[in-house]
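As a plain string of letters, each chain reads:
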Amino acid sequence: MRKLLIKNGVVIDPVSKTEVNRDIYIEDGVIKNTAGTKRGISGKDTEVIDASNLLVLPGFIDMHVHLREPGFEYKETIQSGMESAIAGGFTSVCCMPNTNPVNDNKEINTFIINKAKAAGLINLWTIGAISKNNGGVRLSNIAELKESGAVAVSDDGKPVEDSSLMAKALLYAKTFDMPVISHSEDIKLRSKGIMNEGVISLRLGVHGIPRVAEEIAIFRDIRLAGYYNAKIHIAHISTKGSVNIVRQAKKAGINVSAETCPHYFSLTEEALLQYNTNAKINPPLRTKDDINSIKEGLADGTIDVIASDHAPHSEDEKNTTLDEAPFGIIGLETSLALTLRLFHEKTVSMMDIAMLMSLNPAKILNLKGRGGIQNGFTGDITIVDSDKKWFYRKENIKSLSKNSPFIGENFRGKALYTIVGGKVFKL
Amino acid sequence: MSYGKKDLISIRDLTKSDMLYFLETAKEFKKISLKDIKKVPTLRGKTVINLFYEPSTRTKASFEIAQKRLSADSLNIVISQSSVTKGETLSDTVLNLESMKPDAFVVRHYDSGAPYLVSRITNAVTINAGDGINEHPTQCLLDIMTILENKKDINSLKVAIIGDIYHSRVARSDIYGLLKFGANIYLYGPYTLLPKFIEVENNVKVAKSMEEALKDADVIIMLRIQKERMSLNFIPSIEEYRSFFKLTKDLMFLARKDAIVLHPGPVNRDTEISGEIMNSNRSVILKQVENGIAVRMACLYILLGSRSKTI
Ligand SMILES: [Zn+2]
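Residue numbers (numbering that gives the first Met the number 0), protein chains in the order written: chain W, 0 to 426; chain L, 0 to 310.
Think of the hints as simulated: they come from the structure by calculation, not from any bench. Here the structure is a predicted model, which is why all the values come from computation and not from measurement. Check before you lean on any hint, since a few could be wrong.
To be verified - Taking lysine to aspartate or glutamate and the EDC-like style, the derived pairs with C-alpha atoms no more than 16 angstroms apart in a straight line are:
id	chain 1	residue 1	chain 2	residue 2
1	W	K191	W	D176
2	L	K30	L	E238
3	L	K226	L	E211
4	L	K67	L	E23
5	W	K187	W	E146
6	L	K207	W	D315
7	W	K105	L	E289
8	W	K131	L	E238
9	W	K425	W	D49
What the hints assert, rightly or not - Restraint ranges, calculated between C-beta atoms of paired labels, are given here:
id	chain 1	residue 1	chain 2	residue 2	range
10	L	F196	W	K187	47 to 57 angstroms
11	W	S163	L	T14	38 to 48 angstroms
12	L	F196	W	S348	17 to 27 angstroms
13	L	N154	W	V19	54 to 64 angstroms
14	L	N202	W	N20	49 to 59 angstroms
15	W	E295	L	K207	57 to 67 angstroms
16	W	S163	L	E238	19 to 29 angstroms
Unchecked claim - So, partial list: chain W residues that the calculated Cβ filter (under 10 angstroms) puts toward chain L:
id	residue
17	N7
18	L138
19	F175
20	Y227
For every residue, glycine included, the Cβ atom is placed at its ideal position computed from N, Cα and C.
Please construct the entire structure, taking both the sequences and the accompanying hints into account.
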């Protein structure tokens, strides 16, 4: 029997909304005796972590990552992606289906799940495709995907262009209580755009992506969900307008949740100056004004989730023109540190972070027994030193890919232990 | 008892006592079908035109046999959808046929509401043999007849209707008819195939699972799923439909011990319903076919002949 005692930490549990100095005991992967009783369970078979001056949070869940296996193992494998996640303090990741072949059937889904299990590192949940081959034409076998272990469906990387298909997807997925995650984008309006349409795209002389390309699509998807009384999760929102649309929809009682990524509250379009391909993402980096709105949305609960949208691409692929380089940046190893900047500047509390990075994703994806530090919950814990200073060095990146615009930055705050079902990864 | 209306187009036009009148009459005609000589002279000299704009085997055969057993003269006009585009309009066709002085039109059409158009043009009786996704009133009557042969009363029975409700005129007529008998109706299928506003009807509930729909059900009506539904993404595949929406023996255990299973046909065996159940004594699918003839005889008799003749 594996026993783990985490002593003297400040335990932040978003389920009970408590933040108290106490011990946690994990036995056989399950959290026990969390009611503050210092039972002093220790013996030579009990592993002990002294968490004095540290924060003990429910294991972080990144509900939006791209592991590139199968198909693009040179960018990332399931194994390397999970190692990157551990380094970032994540006990669970949810991988998007745009692999090759696309995860639109139970064979691929089972392959990914088994591969992750064999690695024996962290929890991996799969997100199946909404449409076959992410083609936007035919619905995939969503019930079969759910039955074989997928926790949501999405065509992420591409929008579901056809409104009728999106309506059917929402209704069909609702039959099986399967969450639908929308990459909301009017792709024809994006056209050849590669970065936010604004002053910088003008100066760089490149095609811009109008912010309304995101907002129109989010509005459509939310209206569809509202009309069909279905649930929808909006991935990676990046503009002020998007925050406002989600806020109003929530006020109107629509069952919508929303996610943003650390880069959307950390960087502006100016990161693309010098044609920096490591800042090319979709949706694109926006403006200071948008950053402020995203922060407001995080603070007032409009935005439910912070996810990395970890999108590895090889150096060769990024070492080209802005036009030719693929969209996407890695994020698993910087997500927490960037989010902690919001904590240090008092935009969000540690409790907010526990919600944004653990409880809310668990709730949205119906992951039972996760997202909190409660008796009987799975022993997924992230122990954080919110003050630890560190420097983001390319050589230290665990991900196979190094496409990050944050390389060379100083950070304050880091995960020291990633604990998955009681199994300790010391960082 | 009597029935005052000229046509039978929507089950919603019928009161419960109207329906009982049709069913009582059908019961009498069922006896005729069991006799050695199955023909009566009731509708001798009456002309019935079966105007079918959609392929139909079962319903057309059923109406034709009903007409033959009542000694009516029938004329079958089958118009394929492709020839309509080049040919005359529905109203022109009916006007032409009208000048031949028929006594009744039995209309099957791919467009909802087509029988109303026919009725407005003709003085003859109009019987709806299925219009678009709207209604199939004689199917409802034969379903209720079949249920009443097995259950004393429909009031407060739990009736589960499962499958493609959205495109099913049978489901719509059954729902409206059964509600008048006080049934509690549970609908289930992929939510893509459930009409959005159906729950405005009192006593109609959209179930959250097969299990909820079938639990303690007295009557189970399974509907046909068509492959064509894949093309507009109502379902992803027939295989998945089979895995999640087929009535199986295991699911039957949730229903009442004396539950009966209906299906309007034609059945996709082992797609919407397992062959095992079809072969079992729970299935009343063949009874439905048998009662179909009696019900259609009753409809023709009541609408065409009851005012002047007796059986
Ligand atoms: Zn996306």
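Straight-line alpha-carbon gap W:K425 to W:D49, limit 16 angstroms: Distance of about 12 angstroms is within 16 angstroms: holds.
Cβ distance range 57 to 67 angstroms for W:E295 and L:K207, holds or violated: For W:E295 and L:K207 the Cβ distance comes to about 37 angstroms; the hint is violated.
Hinted pair L:K226 and L:E211, Cα distance within 16 angstroms: 26 angstroms, violated
Proposed proximity, W:E146 with W:K187 (alpha carbon, max 16 angstroms): Violated, at about 34 angstroms.
W:K131 paired with L:E238 [C-alpha distance capped at 16 angstroms]: 15 angstroms, holds
Per-residue hint verdict: W:F175, partner chain L, C-beta under 10 angstroms: 8 angstroms, holds
Outcome for the supplied range 19 to 29 angstroms, where the beta carbon pair is W:S163 and L:E238: Since W:S163 and L:E238 have Cβ atoms about 22 angstroms apart, the given range 19 to 29 angstroms holds.
Cβ distance range 47 to 57 angstroms for L:F196 and W:K187, holds or violated: Violated, at about 33 angstroms.
Interface restraint verdict for W:L138 against chain L (beta-carbon cut-off 10 angstroms): Hint on W:L138: holds, closest Cβ of chain L at ~4 angstroms, below 10 angstroms.
W:S163 versus L:T14 beta-carbon gap, inside 38 to 48 angstroms or not: 39 angstroms, holds
Holds or violated: L:K207 to W:D315, with C-alpha atoms at most 16 angstroms apart: 50 angstroms, violated
Status of the W:N7 interface restraint (C-beta, 10 angstroms, chain L): Status violated, d = 46 angstroms.
Of the hints listed earlier, those the structure fails to meet are numbers 1, 2, 3, 4, 5, 6, 7, 10, 12, 15 and 17, in rising order.
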